[in-house]
Structure formats: structure tokens, C-alpha cells
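Student: Each chain, letter by letter, is given below.
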Amino acid sequence: MKKLINDPANVIADALHGLAAAHPELRVDFENRVIVRGDAPVRGKVGLVSGGGSGHEPLHGGFVGPGMLDAACAGEVFTSPVPDQMVAATQAVDGGAGVLHIVKNYTGDIMNFELAAEMVAADSGTEVATVVIDDDVAVQDSLYTAGRRGVGATVLVEKIAGAAAEEGRPLAEVAEVAGKVNAYARSMGLALTSCTVPAAGRPTFDLPDDQMEVGIGIHGEPGRRRVPVAPANEIAEMLVSPILTDLDFTGGDGVICFVNGMGATPLIELYVMFHEVNQLLAKNGIPVARSLVGPYITSLDMAGCSVTLLKADDELLRLWDAPVNTPALRRGV
Amino acid sequence: MKKLINDPANVIADALHGLAAAHPELRVDFENRVIVRGDAPVRGKVGLVSGGGSGHEPLHGGFVGPGMLDAACAGEVFTSPVPDQMVAATQAVDGGAGVLHIVKNYTGDIMNFELAAEMVAADSGTEVATVVIDDDVAVQDSLYTAGRRGVGATVLVEKIAGAAAEEGRPLAEVAEVAGKVNAYARSMGLALTSCTVPAAGRPTFDLPDDQMEVGIGIHGEPGRRRVPVAPANEIAEMLVSPILTDLDFTGGDGVICFVNGMGATPLIELYVMFHEVNQLLAKNGIPVARSLVGPYITSLDMAGCSVTLLKADDELLRLWDAPVNTPALRRGV
Amino acid sequence: MEVSDLTAWVQEFARLVALERDELTALDSAIGDGDHGFNMDRGLSAAVAALEASPPESPSALFKTVGMTMISKVGGASGPLYGTAFLRMAASAGSPVDAAGFAQVLHAALEGVVARGKASVGDKTMVDALTPAVEAFDAALASGGDPFQAAADAAEKGREATIPLVARKGRASYLGERSAGHPDPGATSVTLLMRAAATTLGNAG
Amino acid sequence: MEVSDLTAWVQEFARLVALERDELTALDSAIGDGDHGFNMDRGLSAAVAALEASPPESPSALFKTVGMTMISKVGGASGPLYGTAFLRMAASAGSPVDAAGFAQVLHAALEGVVARGKASVGDKTMVDALTPAVEAFDAALASGGDPFQAAADAAEKGREATIPLVARKGRASYLGERSAGHPDPGATSVTLLMRAAATTLGNAG
Ligand SMILES: Nc1ncnc2c1ncn2[C@@H]1O[C@H](COP(=O)(O)OP(=O)(O)O)[C@@H](O)[C@H]1O
Ligand SMILES: Nc1ncnc2c1ncn2[C@@H]1O[C@H](COP(=O)(O)OP(=O)(O)O)[C@@H](O)[C@H]1O
Ligand SMILES: [Mg+2]
Ligand SMILES: [Mg+2]
Ligand SMILES: [Mg+2]
Ligand SMILES: [Mg+2]
Numbered sequence: 001m002k003k004l005i006n007d008p009a010n011v012i013a014d015a016l017h018g019l020a021a022a023h024p025e026l027r028v029d030f031e032n033r034v035i036v037r038g039d040a041p042v043r044g045k046v047g048l049v050s051g052g053g054s055g056h057e058p059l060h061g062g063f064v065g066p067g068m069l070d071a072a073c074a075g076e077v078f079t080s081p082v083p084d085q086m087v088a089a090t091q092a093v094d095g096g097a098g099v100l101h102i103v104k105n106y107t108g109d110i111m112n113f114e115l116a117a118e119m120v121a122a123d124s125g126t127e128v129a130t131v132v133i134d135d136d137v138a139v140q141d142s143l144y145t146a147g148r149r150g151v152g153a154t155v156l157v158e159k160i161a162g163a164a165a166e167e168g169r170p171l172a173e174v175a176e177v178a179g180k181v182n183a184y185a186r187s188m189g190l191a192l193t194s195c196t197v198p199a200a201g202r203p204t205f206d207l208p209d210d211q212m213e214v215g216i217g218i219h220g221e222p223g224r225r226r227v228p229v230a231p232a233n234e235i236a237e238m239l240v241s242p243i244l245t246d247l248d249f250t251g252g253d254g255v256i257c258f259v260n261g262m263g264a265t266p267l268i269e270l271y272v273m274f275h276e277v278n279q280l281l282a283k284n285g286i287p288v289a290r291s292l293v294g295p296y297i298t299s300l301d302m303a304g305c306s307v308t309l310l311k312a313d314d315e316l317l318r319l320w321d322a323p324v325n326t327p328a329l330r331r332g333v
Numbered sequence: 001m002k003k004l005i006n007d008p009a010n011v012i013a014d015a016l017h018g019l020a021a022a023h024p025e026l027r028v029d030f031e032n033r034v035i036v037r038g039d040a041p042v043r044g045k046v047g048l049v050s051g052g053g054s055g056h057e058p059l060h061g062g063f064v065g066p067g068m069l070d071a072a073c074a075g076e077v078f079t080s081p082v083p084d085q086m087v088a089a090t091q092a093v094d095g096g097a098g099v100l101h102i103v104k105n106y107t108g109d110i111m112n113f114e115l116a117a118e119m120v121a122a123d124s125g126t127e128v129a130t131v132v133i134d135d136d137v138a139v140q141d142s143l144y145t146a147g148r149r150g151v152g153a154t155v156l157v158e159k160i161a162g163a164a165a166e167e168g169r170p171l172a173e174v175a176e177v178a179g180k181v182n183a184y185a186r187s188m189g190l191a192l193t194s195c196t197v198p199a200a201g202r203p204t205f206d207l208p209d210d211q212m213e214v215g216i217g218i219h220g221e222p223g224r225r226r227v228p229v230a231p232a233n234e235i236a237e238m239l240v241s242p243i244l245t246d247l248d249f250t251g252g253d254g255v256i257c258f259v260n261g262m263g264a265t266p267l268i269e270l271y272v273m274f275h276e277v278n279q280l281l282a283k284n285g286i287p288v289a290r291s292l293v294g295p296y297i298t299s300l301d302m303a304g305c306s307v308t309l310l311k312a313d314d315e316l317l318r319l320w321d322a323p324v325n326t327p328a329l330r331r332g333v
Numbered sequence: 001m002e003v004s005d006l007t008a009w010v011q012e013f014a015r016l017v018a019l020e021r022d023e024l025t026a027l028d029s030a031i032g033d034g035d036h037g038f039n040m041d042r043g044l045s046a047a048v049a050a051l052e053a054s055p056p057e058s059p060s061a062l063f064k065t066v067g068m069t070m071i072s073k074v075g076g077a078s079g080p081l082y083g084t085a086f087l088r089m090a091a092s093a094g095s096p097v098d099a100a101g102f103a104q105v106l107h108a109a110l111e112g113v114v115a116r117g118k119a120s121v122g123d124k125t126m127v128d129a130l131t132p133a134v135e136a137f138d139a140a141l142a143s144g145g146d147p148f149q150a151a152a153d154a155a156e157k158g159r160e161a162t163i164p165l166v167a168r169k170g171r172a173s174y175l176g177e178r179s180a181g182h183p184d185p186g187a188t189s190v191t192l193l194m195r196a197a198a199t200t201l202g203n204a205g
Numbered sequence: 001m002e003v004s005d006l007t008a009w010v011q012e013f014a015r016l017v018a019l020e021r022d023e024l025t026a027l028d029s030a031i032g033d034g035d036h037g038f039n040m041d042r043g044l045s046a047a048v049a050a051l052e053a054s055p056p057e058s059p060s061a062l063f064k065t066v067g068m069t070m071i072s073k074v075g076g077a078s079g080p081l082y083g084t085a086f087l088r089m090a091a092s093a094g095s096p097v098d099a100a101g102f103a104q105v106l107h108a109a110l111e112g113v114v115a116r117g118k119a120s121v122g123d124k125t126m127v128d129a130l131t132p133a134v135e136a137f138d139a140a141l142a143s144g145g146d147p148f149q150a151a152a153d154a155a156e157k158g159r160e161a162t163i164p165l166v167a168r169k170g171r172a173s174y175l176g177e178r179s180a181g182h183p184d185p186g187a188t189s190v191t192l193l194m195r196a197a198a199t200t201l202g203n204a205g
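Line by line, the protein sequences give chains A, B, C and D. The numbers in the first sequence follow the working numbering, run straight up by one, and end at 333. The numbers in the second sequence follow the working numbering, run straight up by one, and end at 333. The numbers in the third sequence follow the working numbering, run straight up by one, and end at 205. The numbers in the fourth sequence follow the working numbering, run straight up by one, and end at 205.
Chain A on its own, in the form it takes in the complex (with noise of 0.2 Å):
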């Protein structure tokens, strides 16, 4: 395992530290390992909590800051926070309005933030509502099973209910608008490397020179088939067309198209990516509204890409534009 790390028990402490020390504008609080937005609580505020495992910064922590979340919890490597820190974060940022929790749909996840509320609701009274991302085509969806997992739709979600949170809208309308944009956007993910988990030092799956996982997750888990490496165009087919298949994405105003690297692929393949989903948009009448370009939601260093396209509406379309100030995302500030 070649790694930029100590003892991989510390891994999440030390990258704490050097997040703390590289954004003096977050307050973070090691015990409980979560970061907070400086000016946390915003008074007349909602505030917006989410967390998950570590492993796929810059979410979370990296969106904390005016426009996006109040708290982020970091959980060890690709395992969910537990209550307690999300109780802390929650408490760190009810400015009175309510926070929202932000869970991208894994069990863990689910019950741990389950777990918190009912804890937060018998502790302070704070309102809390929550708000399960589950835009995973790769995962057949059913009422018999754990369901979708929740992917590259919880960064335009964490963009987008902070916007609205921002113009100081109610809880119950912010979770709407985030329920709304995780109803409208769909990914789908690929590998071509695995990743390791340092605790583990080994990577999780085995992939042969010649082959690549199709229909992956964030957590290193393998996907849903694996086929032999195709070049980019044909790459973005198979991302693209279980996403199209799945919801109508034209007739809207456009889509915000998302192409994310998992951690370990660099800029340059992601932009020759992006021109290929672009021309398979515009081949299927999909204007593209808006994009974002980069790693945002990774799964340490794993290389490969994931596809979110977010049907969007004028309203989806302005909170998207609006300022944001974040370590990861930045603009109109």
C-alpha cells in the first residue's frame, strides 16, 4: 500500500488537523470529528448536517461554509458517523429554524442518523428532517431491498438546499428542495482501479489489467458487471443510457451535468470524459444547462468516474448559481 499517511488508524484525525489548519473559516471539533461552518449556528437559519465515511472528500467536509452545509461528520473509512456526532452537529448549528440531515441512502447511514434524531428530539427538542439520497441506477430499486444507493446527486443536493436554506427558507421547504433534486437526478458509476482501504492495505476487489468494474458505488464495493476496458466514448455510453433509460431528461430546462472522478484520475481524463457525455446529451436533444467537472465525491484512490445528471427548473437552475463559499466550491463570494 503507497499511501501519504501515518498509521492508518489516524488517518481521518490527521486529515482533520490539516483540513483545520488549510480553512481556518470552519471550526472543527476533533473529538467529535465534525466541522462546522465558522459562524455556526446562523440565527433564523435551517442548518443542513451530513456526513457519511470518510473516504470521499472533498465530500463532506468540504462543503461546509456559507451556501452548502453547516456541519459535516466524518465517519472512519467508508463507514457511517455514529449518533453521537451527529447530535453534535446538529446542536453546533440549530439556529432555531431546524436543521436538516442530509443521508445518502446506505443502512448504516440511515439508522445511525435515525439513532441521532430520536436522540436529538428526546435531548433538545430541535426539529429535524431528513433527507435520503438515492440516485444509484446501478442499483435496481425495490420496496424488498436496502434500495438505491446515494451518490454523485448528494453534492448538487448539498449545493442546492443550501442555497435555499441560505434565503432563509423553512425547514419543511428546504427538505422539499432537496427531495426534489435527488427526484430528479440519477448517476452511474465506473472503475477501473480498485481502491484500498488503508486499514486494510490491500486493494478491496481484483481488477486484471484488461477489465473494469461498471455500476460501482463509493465505498469500493464492486459494481454490477465487469467488462473489458473500452475507450472513453463507449465509457460514456454505458454511463449515460441506463441514466436516460431511467428518467426523461428532456423537456426541462436543461440538465446540470455532473462528471466526478473517484480519486485517482486525473483532471484531463475527466474533461475528455465530459466532452463525450456532452455530445451523447446533445445527440439525445439534452441541453446542458450547467456542469461541474473534478473530484467531488471520491472513493480514496480509486480510478474511474461517475455520471450525474440532474433534470433541472428555473428554481433548481438559480439555487444551483447562487454564491457559495466552501473549500471545495466556490463562486459569486
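Note that these hints are calculated values from the structure, not bench results. Hints are not guaranteed to be accurate.
[As the list claims (entries may be wrong)] 20 Å max Cα-Cα, derived SDA-like pairs, lysine to any residue:
1) A:K283 <-> B:A20
2) A:K2 <-> B:V229
3) B:K2 <-> A:P231
4) D:K64 <-> B:A122
5) B:K2 <-> A:E237
6) B:K2 <-> A:V214
7) C:K118 <-> A:D141
8) D:K118 <-> B:N105
9) D:K118 <-> B:T130
10) A:K2 <-> B:D209
11) B:K283 <-> A:H17
12) B:K2 <-> A:R225
13) D:K118 <-> B:S142
14) A:K2 <-> B:V214
15) C:K118 <-> A:S142
[Stated by the list, open to error] Label pairs and their calculated CB-CB ranges:
16) C:D22 <-> B:R331: 43 to 49 Å
17) A:D246 <-> B:A121: 54 to 60 Å
18) A:S124 <-> C:P96: 35 to 41 Å
All C-beta atoms, glycine included, are put in the ideal place defined by N, C-alpha and C.
Let chain A serve as the given structure and place chains B, C and D with the ligands on it in line with the hints.
Tutor: Relative to chain A, chains B, C and D with the ligands alone:
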């Protein structure tokens, strides 16, 4: 070779199309492979032109925009662009106040920019000044050699000189600021893995699983020495101490500390590294005034990092903090 | 069973999990995200330490400490599931616990896991090992065998039965058909829980 | 030598470079950045195409087309160096070129490379192959041997002499002591240039 690309021969062209689509605020001259600020030429402002081999993304194209570069020339992977490109870029951004060429100190880059300046002089008479970046302490400086490489300081020069140009300062002053940044900046890099040039299809060098290269540049060149892999704190020491030996960083207004990822190293590891570098600097009585952590000047899919320190004063800090609005660096706008 | 017997049970469970940590993680790598061994080991080490730091006075206090520790130290799916199980055990445990009382405690654990995770038998989760264990304990209690050994054997059988299943709950469900052919990691850790009970409580029971 | 002979020389140079492309790149990978073969091949293919598209009328026009094409298609260090060399050759070439004229052309090429790159013999660059080639050409011309073959042999010897050197110019200089033990890629491409001259002009000369 596992890459998200089509034909290796078209990587640059494809990526430029992706960049253009993702950033409609920029203009891309596909024929000349020049990325230009959308509103160029800006009347009365010194134009900043840089460029170099591709494979270092977001450098340079990702730094085009208000407050930073006016244009960037994209060469073949790891190969200096040709003079025609630099001439086209220079003419596109000439707002009447002259143009600064920001050139990394590589024989090829130097000679091609030199030829371009000669061609511009013969042609349009645009006033051109040149600053050469040579901050890499891994290379011994000497009158009898090609001298040091230009690496991480390039990002800082582009930002700070860009801010000076935005203030409306004349060419000589902008060039002087750029030169000052270069004079007070030092860098050192390390590779955990080799990169793979698309056209070559295999790693540039073979690096066993338990070895790393210290003192690498940004072109997949082997480094100065090969050592066993080590924990982040020892790596920080290997990178920081030659920098501190080379220049006295105490006694200024602190340093701008830039921990850069080489392309395949995830952010979480860069934060771990930044924490270690920070602690070392504190131990040496060097306050960190500002910081930058992320993959900004990369080497394709190489895993590893570099550290750049810039000894800052009030002027440099003010220019560093000035608004900038580019794909890869944005603040205050 | 006194609190000391039950403490020994938890300690033995922790010991077995530490021993099998990499194996549990390997199982989770195949169909999940490769952390189940670390998760359980982290939680149980903390639980054992907490029990040492302030030894509980009653079985109920013991289970509560373990449950709270699992919830606040583990995260992931197994933290809330094992945590809820132990908290429910705390709520249902008398002092001391006799065999019939232990049956009740096991039922409470299973109900906690199901309430929290909403899985049914056949979903390829820890429920697939815990359910037959609880049933076998009841049956052996009624028929006069060693209920602890019966429960351990049944858990192991339940675990084996997860191998051919396509997962419907937890991360393994994302794999669809590819989840078949591997035992469930959580069902595997449950067999360690029941094996620990058989060796520490089976004779004392 | 007529323009057609010199065109054949450039074509043969391009053919040899295409043949040795991966070898040149491998040499550059060892002590540079692994693109010398691609760079030279890209430039020379373009030059050959340009010569075909509009066949030059004079040796001078021929060299100018090659020089301009190298400058505008290659980039890196070799683009301006070979480009400047050919442009200087254009400036010094009469029409037709006799052997003495060719000696002048070679001197001009060397001067161009040195003016542009400021390298001296022993810096481990293409100058280490070009300098002895020029000298050997002069000497053979004076003593009555085949100057083209002499130049090719001398270039090859010069190239071999770069192996033990520690580079002082170009990318290889960044490696310090580690640059020793490998031949210089640019010196290697110069040997192809001179070998092409020997086979295409040596008999015609
Ligand atoms: N809904 C559920 N009900 C019961 N058990 C579950 C459920 N979801 C997951 N599990 C169990 O949790 C185990 C995985 O635990 P662990 O790896 O620690 O957490 P995570 O899946 O969050 O990484 C699975 O093997 C399965 O036995
Ligand atoms: N200053 C110089 N003078 C003469 N030749 C040089 C000089 N610098 C580099 N070279 C030659 O250029 C060759 C490398 O060319 P190439 O790989 O195409 O360019 P780059 O080094 O920009 O990648 C070297 O092997 C060397 O022979
Ligand atoms: Mg997990
Ligand atoms: Mg090169
Ligand atoms: Mg797991
Ligand atoms: Mg080269």
C-alpha cells in the same frame, strides 16, 4: 494502460473540448490549442500568457480568467507548445499594455517562448516580457547546467502576477512581482508511482511497491533518489528540509504553503501531508500565513505530492487574497 | 447467570471477533465494503474496556454499556444493529438471568435487530443467523438439551444458508446476483456471538 | 546535390526516426520525459508531408520548409533545436550543393543548435554527436574519404561517448549523477540524421 480516453493521439483535443463545454466563460482556440479569457483582450491591462506541455491539469488552462491568466497554450503531453501557439495567445490578449510570458524553466519551453517572442517582435511589435520559473530545489542550480525546473511556484506566480495585472500595473511591475514570487518560492516533489503517458501506454519508470522517488519534477522524470516508502511525517521532512536549507523562510510575514497532489493522490492524503508540513514549519518557527491544498499542478496519473513554500510579505499576501475567477481557483468574486 | 458470567461472554465474543477480524473483513470485501471486522473489533474492544473501567452491577447495566458503546463507537450498519440488540437485551434482562430469562434476552435482541434493520429471514443478513439461534435455544430449552450449544449450531447453519442467497438488505444487495456464493459477514459475526455464549455460558447455564 | 537528393535525405531521416521512434522514446524515458521519439516523428512526418504537398525549388527552400515545420509542429527542446538547425542550413545552402557546400551547411546547422541551446561538447546533448560529425566531414573532405560515411561514423562515436556523461543541459541534467550510463536521445536522433545522409548522399556526393 487504464485511462478514460479515446485515441491517445486525441487526448488534448478531446480534453480541450470538454474544458470549453464546462467553461463557456472561456474561449478556446481549438486550432492553436489556446485557452483565452472570455473578455480578452482587456484594454489597458497587461496580458498574462503561460503554457507548457499538457498533463499538468488544471495548470495552465484551469487558471485562465479574471485575476489570473489571460491565455494558456496547451502543448502535447509533457511537451512544450510550439511558438505559433504562443504567438496566437499573445495576440489574443494584447490589450495595449504589453504581455507577460510566464515560462517554466525547461529547455524546450524556454526556447519555444523565446522563438515566439522573436516572432511577435518581428510581427506586431507587442511588448513582451518574460519571467522564468525555477523553484525546484531537487535540482542543483548552476551556471553550467539547465538550472532548476519550474514546478509548484508557477501556480503562485500566475495567481499573484495576475492580481498585479488586474490592478492595472504596468508590464515592468507585473514582471517584477512575478520575479519576486519566483525568487522567494521553493518546491520539492515526491512520487509514489510513475505516471503513464497516453502515447507511450506504459509507466515512464518502474517503481517497486516498496519504493518511492524523491525529488521528481512534473514530467514523469525519475527523481534524484529512490528510497523505501515512508510514513507521511518522514515524507514531509524529506520535502520540507531541503526547501528550508535552500532559503531562509524565517523573519517574513509568514509563508504561503502549497501542498500539491500529483494527479492520482486523493485529497484526504494531501490534508494528512499538509498537517505534517504545518507541524514541521511550526517547529522551525515559520508561521503559515496562507495555504493551498489540492491537485493544481499535476503529472497525469502519478501518485505523490509536492510542497511549495513562498516567503510572503504584505504585498504578496494582498495580491494572493485578491479576487480570482478561474475554473480551478476562485475566490472573492 | 451472574453479571460476571455475562461479562465473560462479552469478553469471549470480543476475543473471537479480534481473532477473526481479518476474516470478517475479507468476507465484507467480497460483497460489502470491507470493514465489518474492523467495525466489530473497534466496538467490542471499546465495550470490554468500558466494562473494565466501571464494572456493571447488573446484567441489565452490562448490556446497556455494551449497547451504548457499540452505538457510539462502531457506526456503519453493525453499530446500530448490535447496539440496538444489546439495549433491548438490557431492557429485558432480570438479575440474575436463568436459562429461560436468557431465552427472553435473545428474543429481545432479535426483535431489536429486526425493528432497526427491517430485514427478514432470507435477506442475507445477521437475521439469518440470529433467528434460527433464538428458535433453537427455545427448542433445546423445552426438550432439555444444552440450549447454548444448540443456538450456536443453529447460528452456524443459518450462516451457511446465507451463502447461496442473493442479498436484499445491506450493502451486499447492491451487487444483485453477484452477492450469491458468499456468506454474509454479519451472520458470521453472529455465529461468533453464539459460539462465545456456548463456551462461556453453556456450562454455567 | 540537387534538391531531389536532399529531399531523399530528409525522407530517409524521417523513415529512420519512425523506425526507431519507440527506441528514441525509451532512451528519453530513462533520462528525460519519454517523448523524443514522438516529437521527432511528429515533426518529420509533417515535414515530409509538407515537402510532398509543395515540392521545394531549391535546397534552401527545402531546408526552410523542414525548419519551419519542425518549429511549428514539434515543441519541446528538439523542435526549436532541429528547427533552428534547418533554418540556418537554409540560409547557408547554395544551389546545387556540392560536398564543400554541404560542409558549410553542416557547420551552419551546428552553429544554429549551439546558438539556440547554448550547449558545449560534453554536456550530453545532440551537440555531442553533431560536433564530431561536422569535424569528421571536414577532415574526410580534406583527406579524400567519403565525408558522409565519416560523419555518420563520428556521430555514432559521439553518441556513444555520451553514455558515461552526467548531463548538464536539457532534462537529463535534472537527474544529476543518475543521468550517467545512458546515451542521450538527441545525440541518438542526430546519428540517424547523419546515417541517412551517408546512405542517400554518400554515393551521390
Ligand atoms: N437491514 C439490515 N438488517 C439486519 N442486518 C443488516 C442489515 N443491513 C446490513 N446488515 C448486516 O450488517 C452487516 C454489515 O455490517 P458492517 O460491514 O459493519 O456495516 P456496513 O454495511 O455499514 O459497512 C451485513 O453483513 C449484514 O449482516
Ligand atoms: N540546450 C540544449 N542544447 C542542445 N541540445 C539539447 C539541449 N537541451 C536538450 N537538448 C537535446 O534535446 C533532446 C531532448 O529532446 P526532446 O525529448 O524532444 O525534448 P524535451 O526535452 O523538451 O522533452 C536531448 O536528448 C538533447 O539531445
Ligand atoms: Mg461500512
Ligand atoms: Mg518533452
Ligand atoms: Mg461493511
Ligand atoms: Mg523529451
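Student: Mind checking the alpha carbons of K283 (chain B) and H17 (chain A) for me, to see if they're no more than 20 Å apart?
Tutor: Holds - the C-alpha atoms of H17 (chain A) and K283 (chain B) are around 16 Å apart, at most 20 Å.
Student: Holds or violated: K2 (chain A) and V229 (chain B), Cα atoms, limit 20 Å.
Tutor: holds (7 Å)
Student: Check whether the Cα positions of K118 (chain C) and D141 (chain A) lie no farther apart than 20 Å.
Tutor: Holds, at roughly 16 Å.
Student: For K283 (chain A) and A20 (chain B), compute the direct alpha-carbon distance and say whether it is at most 20 Å.
Tutor: holds (18 Å)
Student: Please work out if K118 (chain D) and T130 (chain B) have their alpha carbons no farther apart than 20 Å.
Tutor: holds (19 Å)
Student: Can the restraint linking K2 (chain B) and E237 (chain A) be considered satisfied, given a maximum Cα separation of 20 Å?
Tutor: The hint holds at about 17 Å.
Student: Regarding the pair K118 (chain C) and S142 (chain A), is the alpha-carbon distance no greater than 20 Å?
Tutor: holds (14 Å)
Student: Given the hint that K118 (chain D) pairs with S142 (chain B), test it: the Cα-Cα distance must not exceed 20 Å.
Tutor: It holds: about 14 Å lies between the C-alpha atoms, which stays within 20 Å.
Student: Taken at face value, is the distance from the CA of D209 (chain B) to the CA of K2 (chain A) at most 20 Å?
Tutor: Measuring from Cα to Cα gives roughly 7 Å; hence the hint holds.
Student: Is it true that D246 (chain A) and A121 (chain B) lie within 54 to 60 Å of each other by Cβ?
Tutor: Check passed, 59 Å falls within 54 to 60 Å.
Student: Can the restraint linking K2 (chain B) and P231 (chain A) be considered satisfied, given a maximum Cα separation of 20 Å?
Tutor: Given that 20 Å is the threshold and the Cα spacing comes to 9 Å, the pair holds.
Student: Mind checking the alpha carbons of K64 (chain D) and A122 (chain B) for me, to see if they're no more than 20 Å apart?
Tutor: Status holds; Cα separation ~18 Å.
Consistency note: the structure conflicts with none of the earlier hints.
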